[in-house]
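2 protein chains.
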Amino acid sequence: MSLIEPRTLKGFRDYLPEVMIPRERCMELARQVFRLYGFAPIDTPALEYLEVLTGKGSEETDRQLYRFEDHGGRQVGMRFDLTVPLARFTAQHLAQLGLPFRRYHIAPVWRGENTQAGRYREFMQCDFDTIGTSSVASDIETVLVIHELLLTLGFSRFSIRINSRQILQGLLQLWGTAEQSTAVLRALDKLAKVGEAKVREELQQASLNDSQIQSVLELAALQGNDPDVLRALDRLADGQEQALAGIERLSTILNAARRCGVTAERLRIDVSIARGLDYYTGVVFETMLDDLPNIGSICSGGRYDNLAGLYTREHLPGVGASLGLDRLLAAMEQLGMLPPVRTPAPVFVAYFDAEQLTDYLQLASAVRAAGIGAELYPEPKKLGQQLKYADHRGFVVGLIAGSRELEQGIVQVKNLRHKIGTEVAWRPGDNEALLHAIRNQLQLDSHIASDS
Amino acid sequence: MSLIEPRTLKGFRDYLPEVMIPRERCMELARQVFRLYGFAPIDTPALEYLEVLTGKGSEETDRQLYRFEDHGGRQVGMRFDLTVPLARFTAQHLAQLGLPFRRYHIAPVWRGENTQAGRYREFMQCDFDTIGTSSVASDIETVLVIHELLLTLGFSRFSIRINSRQILQGLLQLWGTAEQSTAVLRALDKLAKVGEAKVREELQQASLNDSQIQSVLELAALQGNDPDVLRALDRLADGQEQALAGIERLSTILNAARRCGVTAERLRIDVSIARGLDYYTGVVFETMLDDLPNIGSICSGGRYDNLAGLYTREHLPGVGASLGLDRLLAAMEQLGMLPPVRTPAPVFVAYFDAEQLTDYLQLASAVRAAGIGAELYPEPKKLGQQLKYADHRGFVVGLIAGSRELEQGIVQVKNLRHKIGTEVAWRPGDNEALLHAIRNQLQLDSHIASDS
Numbered sequence: 000m001s002l003i004e005p006r007t008l009k010g011f012r013d014y015l016p017e018v019m020i021p022r023e024r025c026m027e028l029a030r031q032v033f034r035l036y037g038f039a040p041i042d043t044p045a046l047e048y049l050e051v052l053t054g055k056g057s058e059e060t061d062r063q064l065y066r067f068e069d070h071g072g073r074q075v076g077m078r079f080d081l082t083v084p085l086a087r088f089t090a091q092h093l094a095q096l097g098l099p100f101r102r103y104h105i106a107p108v109w110r111g112e113n114t115q116a117g118r119y120r121e122f123m124q125c126d127f128d129t130i131g132t133s134s135v136a137s138d139i140e141t142v143l144v145i146h147e148l149l150l151t152l153g154f155s156r157f158s159i160r161i162n163s164r165q166i167l168q169g170l171l172q173l174w175g176t177a178e179q180s181t182a183v184l185r186a187l188d189k190l191a192k193v194g195e196a197k198v199r200e201e202l203q204q205a206s207l208n209d210s211q212i213q214s215v216l217e218l219a220a221l222q223g224n225d226p227d228v229l230r231a232l233d234r235l236a237d238g239q240e241q242a243l244a245g246i247e248r249l250s251t252i253l254n255a256a257r258r259c260g261v262t263a264e265r266l267r268i269d270v271s272i273a274r275g276l277d278y279y280t281g282v283v284f285e286t287m288l289d290d291l292p293n294i295g296s297i298c299s300g301g302r303y304d305n306l307a308g309l310y311t312r313e314h315l316p317g318v319g320a321s322l323g324l325d326r327l328l329a330a331m332e333q334l335g336m337l338p339p340v341r342t343p344a345p346v347f348v349a350y351f352d353a354e355q356l357t358d359y360l361q362l363a364s365a366v367r368a369a370g371i372g373a374e375l376y377p378e379p380k381k382l383g384q385q386l387k388y389a390d391h392r393g394f395v396v397g398l399i400a401g402s403r404e405l406e407q408g409i410v411q412v413k414n415l416r417h418k419i420g421t422e423v424a425w426r427p428g429d430n431e432a433l434l435h436a437i438r439n440q441l442q443l444d445s446h447i448a449s450d451s
Numbered sequence: 000m001s002l003i004e005p006r007t008l009k010g011f012r013d014y015l016p017e018v019m020i021p022r023e024r025c026m027e028l029a030r031q032v033f034r035l036y037g038f039a040p041i042d043t044p045a046l047e048y049l050e051v052l053t054g055k056g057s058e059e060t061d062r063q064l065y066r067f068e069d070h071g072g073r074q075v076g077m078r079f080d081l082t083v084p085l086a087r088f089t090a091q092h093l094a095q096l097g098l099p100f101r102r103y104h105i106a107p108v109w110r111g112e113n114t115q116a117g118r119y120r121e122f123m124q125c126d127f128d129t130i131g132t133s134s135v136a137s138d139i140e141t142v143l144v145i146h147e148l149l150l151t152l153g154f155s156r157f158s159i160r161i162n163s164r165q166i167l168q169g170l171l172q173l174w175g176t177a178e179q180s181t182a183v184l185r186a187l188d189k190l191a192k193v194g195e196a197k198v199r200e201e202l203q204q205a206s207l208n209d210s211q212i213q214s215v216l217e218l219a220a221l222q223g224n225d226p227d228v229l230r231a232l233d234r235l236a237d238g239q240e241q242a243l244a245g246i247e248r249l250s251t252i253l254n255a256a257r258r259c260g261v262t263a264e265r266l267r268i269d270v271s272i273a274r275g276l277d278y279y280t281g282v283v284f285e286t287m288l289d290d291l292p293n294i295g296s297i298c299s300g301g302r303y304d305n306l307a308g309l310y311t312r313e314h315l316p317g318v319g320a321s322l323g324l325d326r327l328l329a330a331m332e333q334l335g336m337l338p339p340v341r342t343p344a345p346v347f348v349a350y351f352d353a354e355q356l357t358d359y360l361q362l363a364s365a366v367r368a369a370g371i372g373a374e375l376y377p378e379p380k381k382l383g384q385q386l387k388y389a390d391h392r393g394f395v396v397g398l399i400a401g402s403r404e405l406e407q408g409i410v411q412v413k414n415l416r417h418k419i420g421t422e423v424a425w426r427p428g429d430n431e432a433l434l435h436a437i438r439n440q441l442q443l444d445s446h447i448a449s450d451s
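Going down the list, the sequences are from chains A and B.
For the first sequence, numbering that gives the first Met the number 0 assigns the number 0 to the initial residue and increments by one for each residue that follows.
For the second sequence, numbering that gives the first Met the number 0 assigns the number 0 to the initial residue and increments by one for each residue that follows.
No lab work stands behind these hints: they were computed from the structure.
Incorrect hints may appear among the rest.
Pairs involving identical chains hold if they fit within one copy or between any two copies, as the list cannot separate such chains.
To be verified - Straight line, CA to CA, 25 Å or less: simulated SDA-like cross-link-like pairs of lysine to any residue:
(1) K189 with V228
(2) K9 with F67
(3) K9 with Q91
(4) K55 with L15
(5) K55 with D13
(6) K192 with Q211
(7) K381 with E354
(8) K55 with A182
(9) K189 with S210
(10) K380 with S250
(11) K55 with R12
(12) K9 with R66
(13) K192 with G223
(14) K380 with A353
(15) K381 with P316
(16) K9 with D61
(17) K387 with H314
(18) K418 with L443
(19) K9 with T60
(20) K381 with G97
(21) K55 with T181
(22) K55 with E68
Turn these sequences into a full structure, and let the hints guide you.
Pasting the structure below:
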């Protein structure tokens with residue numbers, strides 16, 4: 000019989016244990032943080048009616064949509080983000096959900112994009128939102144969640160950059176440049192990268208006059224500590240009502256976050272941030288890693304005015320953000336934060352003698368009963384072969400006992416990474432010395448790992 | 000603008016928080032158990048090349064397959080189970096994975112089936128397998144994992160039913176009924192339900208002679224404790240080699256599982272179990288809940304000879320099982336094991352005075368810093384409205400303090416379910432009395448809940 004070539008579809012990838020273990024751990028830590036702040040999990044189908052999905056993102060997302068006819072002749076599509084499904088979901092279940100509604104949603108999405116430059120057609124999104132309130136309290140809590148997510152995931156050097164579409168809109172009104180907002184926002188984003196001359200040129204091409212260009216450049220160049228930037232914004236706003244309201248709100252958010260323990264290094268105003276989507280109307284966020292600025296924002300979001308206007312006449316303001324899981328894992332790998340293990344269990348139990356299988360099973364059971372993961376090698380092969388396997392997987396501790404040792408009530412507890420071992424007394428039911436030695440080795444390993 | 004009707008695609012469903020919270024909890028507990036036994040997580044794409052998926056299950060799964068042409072003109076399909084992707088995955092990455100390989104995979108699959116009788120076209124599968132070994136140790140550990148899964152998920156009254164395709168194959172050989180195996184296996188399954196007369200009739204229609212029918216009925220009627228059943232099987236086997244080997248192996252599994260703490264009530268031989276697929280060649284399992292026998296098996300699986308013969312010439316025996324997550328959750332609901340909550344956080348913080356927002360934020364932060372989930376109501380609305388909201392969500396404890404109480408350093412800690420409260424001293428940073436009172440209320444609640 001001829002074989003089928005085992006291969007993943009172009010643009011898609013498998014996750015092997017060494018990648019899936021940290022990926023799953025990140026998702027679990029994110030869930031813990033979301034729950035701590037009262038966000039509830041939801042899930043929606045991978046497939047939606049095509050009319051629910053098309054025309055909601057951009058022309059690009061429409062083109063990238065995986066779409067087909069299902070068994071009942073319905074036009075369907077695979078979701079390309081979690082925001083459109085959230086809008087449909089919230090409109091559909093509003094009465095049962097009640098407002099305000101806080102949800103998180105961690106699930107794969109699909110886009111038939113160009114696969115160059117390490118982009119994949121299936122990726123995990125990790126979103127959290129507070130819907131049904133315009134309160135500044137929710138803006139602040141969104142900042143606190145991002146802050147806690149990063150800390151919980153093991154990052155200490157990061158900065159949440161915050162800005163306000165409300166201030167930008169107000170200034171655009173004030174300057175009479177509302178029509179050219181796209182060019183202005185692009186200028187804000189590009190000043191640091193391409194320099195003043197290039198930005199000035201682009202703004203001229205967008206038909207801004209000299210005074211307008213001067214104002215935009217003044218805004219784009221704003222930096223320094225938050226009180227200084229707020230004061231400078233206040234001057235720029237020149238009494239424009241919307242801008243002033245935005246400045247006051249931003250100030251409230253910053254002050255409250257400080258009082259809740261978010262340092263000035265980890266949260267600061269960045270006037271260059273506008274976020275691509277027209278969707279945002281209030282505060283907007285991006286999050287940069289100090290050690291990997293080029294990797295881009297790993298958690299972005301903001302406040303929007305109306306989540307689900309396409310599906311319901313109910314006005315649903317909200318605020319939320321999305322954790323970039325793939326980017327985050329790439330960063331963790333680059334920063335050496337991922338241990339190279341292929342097993343979620345730290346303990347390996349070698350197996351020598353089929354006659355004493357029950358002893359080995361009980362040995363493994365004793366470790367597991369203490370909440371420590373253990374794998375029993377399934378066949379009584381040579382020790383060298385078993386240890387080679389254990390090494391490939393990346394176990395920390397090996398439990399080694401031949402039939403004679405088992406009869407004598409002895410087990411060797413060996414640190415497989417540092418090749419040091421100790422013998423302990425063990426018989427089924429008498430597990431104290433064994434567990435003590437294992438815990439010692441696991442601690443020793445984490446000490447040595449954090450020293451290096 | 001006319002609205003789009005917000006609706007889920009026919010055959011699909013949304014998961015609201017009250018359903019998603021326990022669903023996510025079950026998946027997390029399952030992952031914990033898998034990891035404890037050294038199973039590693041993997042993930043594979045939702046979409047595969049069509050040739051990988053077709054002709055692997057049955058005519059039915061082929062018909063139910065969601066298939067289409069992707070943007071590059073490739074014929075693709077959505078996975079209908081996790082076994083075919085596992086086979087493709089293992090064949091593709093064999094060198095990197097190494098053997099034996101233990102993996103779990105929790106992910107959605109799609110089948111365009113008839114949607115009658117509460118069946119859905121998207122459902123979660125939860126599989127674990129040990130690949131690359133024929134060892135009985137892996138059969139035993141599969142039983143131990145099923146046992147630990149059920150206990151961890153909160154079930155105490157269940158039974159894992161075990162049987163052996165090896166014994167069945169041996170007996171079919173011995174009786175000269177290998178050709179009529181489908182009819183024989185169906186007879187074993189149906190005796191208890193339809194009675195002897197009906198089964199006898201069906202076996203006659205399948206051209207079995209009287210002596211063959213007599214043997215099949217004798218096998219089908221076998222029950223009692225395991226040693227008795229094993230002795231009876233031994234007599235029936237009449238020296239047939241394959242059957243005897245199967246009986247010895249089954250006996251080894253049962254003895255070892257007993258020694259590892261699995262009681263006779265929770266694991267027993269059931270000769271009526273054969274599992275539908277031709278795929279299984281050794282031990283087979285089903286798991287029934289004593290209190291809900293009609294719900295069917297909630298964890299099924301078995302040993303197979305060759306996982307990935309379509310994709311590689313490498314012979315890959317294995318053993319595994321699949322936890323029926325949807326069925327399990329339906330059972331938990333029927334058995335009253337699911338608390339009716341719509342929030343993952345137990346504590347609700349009421350918010351009265353916009354002037355003191357920072358105090359409320361710090362109050363919520365203090366609770367979260369102790370690892371206890373807390374939601375702050377985002378707007379300073381009337382207490383009645385906030386408590387109604389808290390009641391709808393199902394919070395356990397409410398923290399209530401007006402501006403005067405905050406100035407005096409007092410917070411009311413109220414059990415929202417039992418309507419009892421206590422006042423404690425609290426100021427930012429001085430959290431001891433507050434946390435003590437919250438923990439007391441949470442304990443009180445779980446006591447009352449377990450009493451009722």
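Consistency of the hints with the structure:
1. K189 with V228: within (19 Å within a copy, 79 Å between copies)
2. K9 with F67: both (18 Å within a copy, 15 Å between copies)
3. K9 with Q91: between (35 Å within a copy, 14 Å between copies)
4. K55 with L15: between (34 Å within a copy, 23 Å between copies)
5. K55 with D13: Result: close only across copies, 20 Å inter versus 29 Å intra.
6. K192 with Q211: within (21 Å within a copy, 85 Å between copies)
7. K381 with E354: within (15 Å within a copy, 72 Å between copies)
8. K55 with A182: within (23 Å within a copy, 55 Å between copies)
9. K189 with S210: Within one copy, since 19 Å is at most 25 Å while 88 Å is not.
10. K380 with S250: between (67 Å within a copy, 23 Å between copies)
11. K55 with R12: Close across copies (21 Å), not inside one copy (27 Å); limit 25 Å.
12. K9 with R66: For K9 and R66, the Cα distance is within 25 Å both inside one copy (17 Å) and across copies (16 Å).
13. K192 with G223: Within one copy only: 18 Å inside a chain, 79 Å across chains, cut-off 25 Å.
14. K380 with A353: within (10 Å within a copy, 70 Å between copies)
15. K381 with P316: Only across copies: K381 and P316 sit 20 Å apart there, 65 Å inside one copy, limit 25 Å.
16. K9 with D61: Both: 20 Å inside a chain and 22 Å across chains, each within 25 Å.
17. K387 with H314: Close across copies (21 Å), not inside one copy (62 Å); limit 25 Å.
18. K418 with L443: Answer is within: at 12 Å inside a copy they meet the 25 Å cutoff, but 49 Å across does not.
19. K9 with T60: both (19 Å within a copy, 24 Å between copies)
20. K381 with G97: between (62 Å within a copy, 16 Å between copies)
21. K55 with T181: within (19 Å within a copy, 52 Å between copies)
22. K55 with E68: Answer is both: 20 Å inside a copy and 23 Å across each meet the 25 Å cutoff.
No hint from the list above goes unmet by this structure.
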